[in-house]
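Sequences and hints are given; from them, build the entire structure.
Number of protein chains: 2
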Amino acid sequence: MPTKARANLETLYRIFTVPEAPDSTLGAVDQAITADVAGFLQNHIVAMERPLEEIEASFSSVTIPEEPTYVSDYTEFVKENLVAQSVHTASPGFIGHMTSALPYFMLPLTRLMTALNQNTVKVETSKAFTPLERQVLAMLHHLIYRCPDEFYPSWIHNSQAALGAFCSGGTIANTTALWVARNRFFAPDGAFRGIAQEGLARALKHRGVDGIAVLVSERGHYSLGKAADLLGVGRDHLVKVKTAEDNRIDLKALRQECQRLQDQNIRPLALVGIGGTTETGNIDPLEAMADLARELDCHFHVDAAWGGPTLFSDRHRHLLAGIERADSVTIDAHKQLYVPMGAGMVLFRDPTAVSAIEHHAAYILRHGSKDLGSHTLEGSRPGKALLVHAGLSIMGRKGYELLIDLGIERARTFAGMIRQHPDFELTSEPELNILTYRYCPAAIQHLLATAPQAEQARINGLLDQVCQLLQKHQRESGKTFVSRTRLRMSRYGEEITVLRSVLANPLTTDEILTSVLSEQCEIVRQPEIQALLQQVWR
Amino acid sequence: MPTKARANLETLYRIFTVPEAPDSTLGAVDQAITADVAGFLQNHIVAMERPLEEIEASFSSVTIPEEPTYVSDYTEFVKENLVAQSVHTASPGFIGHMTSALPYFMLPLTRLMTALNQNTVKVETSKAFTPLERQVLAMLHHLIYRCPDEFYPSWIHNSQAALGAFCSGGTIANTTALWVARNRFFAPDGAFRGIAQEGLARALKHRGVDGIAVLVSERGHYSLGKAADLLGVGRDHLVKVKTAEDNRIDLKALRQECQRLQDQNIRPLALVGIGGTTETGNIDPLEAMADLARELDCHFHVDAAWGGPTLFSDRHRHLLAGIERADSVTIDAHKQLYVPMGAGMVLFRDPTAVSAIEHHAAYILRHGSKDLGSHTLEGSRPGKALLVHAGLSIMGRKGYELLIDLGIERARTFAGMIRQHPDFELTSEPELNILTYRYCPAAIQHLLATAPQAEQARINGLLDQVCQLLQKHQRESGKTFVSRTRLRMSRYGEEITVLRSVLANPLTTDEILTSVLSEQCEIVRQPEIQALLQQVWR
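These protein sequence lines map, in sequence, to chains D and F. When you line the first sequence up against my numbering, it's residues 1 to 538, in that order. When you line the second sequence up against my numbering, it's residues 1 to 538, in that order.
In short, the hints are calculated from the structure, not lab data. Just so you know, not all the hints are guaranteed correct.
Treat identical chains as interchangeable: a pair holds within one or across any two.
Taking lysine-lysine pairs in the BS3-like style, the calculated list, with each CA pair at most 27 Å apart, reads [said to hold, decoys possible]:
| id | residue 1 | residue 2 |
| --- | --- | --- |
| 1 | K205 | K240 |
| 2 | K79 | K398 |
| 3 | K79 | K479 |
| 4 | K252 | K240 |
| 5 | K252 | K242 |
| 6 | K398 | K240 |
| 7 | K79 | K472 |
Okay, structure coming up:
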């Protein structure tokens, strides 16, 4: 072998071998990266002020480098161009999206999980991670359904069944739930071999229906639209039912929509109740929806991606009453279970429900094997269930309860501050730990209260622009962060733009909440925004 | 606040705060975990000998613990019950599945990625990770399609388009590709608002076809069956075309199947070429398939989840000739890009193709935003593109080339060993770095060569049992590991069970390959297996 090729091979072996001492080259780089991260995380700035277009310039070459680079040179690049230009989603001043500080132990355990590099699709590449994942699903199943103790031993490690599916996030969880619902409705029946085999068109013909529909409130997560598209249902048949002022589904409207569909020979396949809407954190009347689903004999799914962990709280659990009647429930681990990004779950009340989506292959997932992959939408998957297991074991129910209670309390505190502030209008009351509001000084609030509809629309249009600019400037200045969305407010009869705050970081203090509002009052003094506000009075 | 509640809160703050010094409690636990992992990885045993049922006993409680536990106690539990009971997928003797040792720098960078906890669904929670991910997709696009330099600047960071989609793995990548193909075929057209909106049943009616079909060889990955089910196509219409002796699709049979479908008014939606079959590593005749797809005016997808990185190799790139004519290509990053589990990609030749699955929401993914989530199947996602970026930057094209060349060379070496060994039969020649073989002593090979079909079937049935037991015992003894699958062999006219070896770990030496075979010769001496072999001669 020529000398150069041999040298290359030796480098390769070195790079694939775990260093024995931390003072070896790779060990030192490892320590430096850990120190840099600690530095970034201890910093409370949300983001460096640098336009996206400028950052893009550092990531614009499309040619894969020919030659290798030193790890240390690369990490210098990463530190400057990536870490420094990231959004500090764990900052206590970042209260705009569903991200938070992480329990510190998640970092070394993620490293452990990565180093083991198990693939939970099959036992042959995961072994102990398979029973661990099944246990985690059972724990969450128990949290939701409270089945008697004697229920679990026959199901928890049963190769023919699954109490749920672990996946990369809520979108896959919701899609899996509706996939199961669809395939169960069109199950094999006599000569009909089921929708999985024969496809949707023949399935509709077999059942003699002209379409299938999924019903959810207008606050439903956008993933349901994707699922309706993917599954061939069509977005037209993801029926978005209007909500009452409290952002919960209007039950009367829901009934009417179901009737309308049935009159058109379209079968309501599933009702989806929301356990914490993404935008406002409200919870649908789950008991009543469960009743209706039973009456219609259709699947009842609860999207509790955000709010599911409210079940940990003795004080607030009652808000989710009825969830135990759902056929399936989505819970995101990377939200209020405080697991790093990329972990979701769907739980099924009936552990045999997943047989509707069962699949096999010759080299893995053989009949009778305990391979988790035979009941999941995804294939190869990392052992992320470890991180949920760690959170539940280390923090315990009481630890999570504290986080839930703290978030709800803090949201109420923030709502109080907004209500008392003369320049802001609370646009949704926090039921959980999410609220919305907007900049709308008291005088304008009074004006709006008595203005005719056309005038209301004109003023709200201006306030929408104020809101949008305010959120943009605050994001760009990088000290604190709230998000924005649009909500239909029945008091105005139209959609308005609002600021949205999610309070899930235990490090967020009342002082930080005060500073968010005062920074916003500062920003609105800008001439551009003042000009818009003056137009209100014209 | 009562003292106990305050103490709880303080613990919570501590657990959510990054330790400043490594000798703090959490810092020490962190170091201990790192040391444990290093210990595990330096160990060359594949798995501890312990039955799954016993391991399950450690993961059987369904009650979430009430009280918190010390991190150090938990990590002790993990070390004993999880790490020690895991499969050492990075062991150089683990040559049965598509796992390998990881380049060491992936570990600290995964930790960095986890600590930053960016969510690439939207710029507001990812910032620099958004352009980074787009760059990675552009690099892979360029690797496959080699578009001229002037092509990329207008697309790479274009909010209206995407050169591909990053996802959790090949299954989502393949599903995304077929989803795009389906939605483009049933695009909005006059009064018809497209399949995404109106659903599959109306779409079929609009185009006047009775069904849609996806065609792939019988070696196609099982994820395509899931995709056909999910998308409403039905598994009946995932047409599995037979392969020739070389495990490549039989083009004549493919043409016949297309004709048969068209005669039934079923539209061939997509042809799927395989760039490295999962079981045997063979590559379909991509040029000829591209010709046929053009003739039929249908989508051409290449599933190069495994073999895509062969493009790095000057010597072997030609094997994938024709891939640049594919409409979409799947490449798994957690396979031959040596990224930890949970990273895949699909690339689209036409950067506007993804508009067929575009979606929006009020709080994110707004029209005109650069949010990556508007064109992905998944929602919230971690910044795993960093790890691909790191691999490409640190190892360079030449580093990956070395890995590819080494794997193929080693597979040829192993094939040579098997061919020369009197007791084994090579059942598929390695085209890439995967091969299959079985235990079948020369005398039995001779017997089979002249035996009538019924006798062949009887003997192969016995050899199947030998193969299954051999693989099981080898797995259980935990020193080395190969997998098994079933392949239809035209020389026997039926399916037989074979051992499968994947050679992608640069630390696997020729000595290890020799030891795999000698361990197998050792195992077959067991009375149970000898009894089966004796039955051959009855």
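Since the copies are identical, ignore which copy is meant and state whether K79 and K479 lie within 27 Å (CA to CA) inside a copy, between copies, both or neither. within (20 Å within a copy, 41 Å between copies)
At 27 Å max between alpha carbons, let me know whether K252 reaches K240 within a copy, between copies, both or neither. within (13 Å within a copy, 49 Å between copies)
Please work out whether the CA atoms of K205 and K240 approach to 27 Å or closer within one copy, between two copies, in both situations, or in neither? Result: close both inside a copy and across copies, 26 Å intra and 25 Å inter.
How would you classify K398 and K240 at a CA-CA limit of 27 Å: within, between, both, or neither? Cα proximity of K398 and K240: none, with 37 Å in one copy and 53 Å across.
If the cut is 27 Å between Cα atoms, do K252 and K242 qualify within a copy, between copies, both or neither? Only inside one copy: K252 and K242 sit 10 Å apart there, 55 Å across copies, limit 27 Å.
With identical chains, the pair K79 and K472 could be close in the same copy or across copies; at 27 Å between alpha carbons, which is it: within, between, both, or neither? Within. Shortest intra-copy distance 26 Å satisfies the 27 Å Cα cut-off; inter-copy 47 Å does not.
At most 27 Å between CA atoms: does that hold for K79 and K398 within a copy, between copies, both, or neither? between (37 Å within a copy, 25 Å between copies)
Going through the hint list in order, the structure does not satisfy hint 6, though it satisfies all others.
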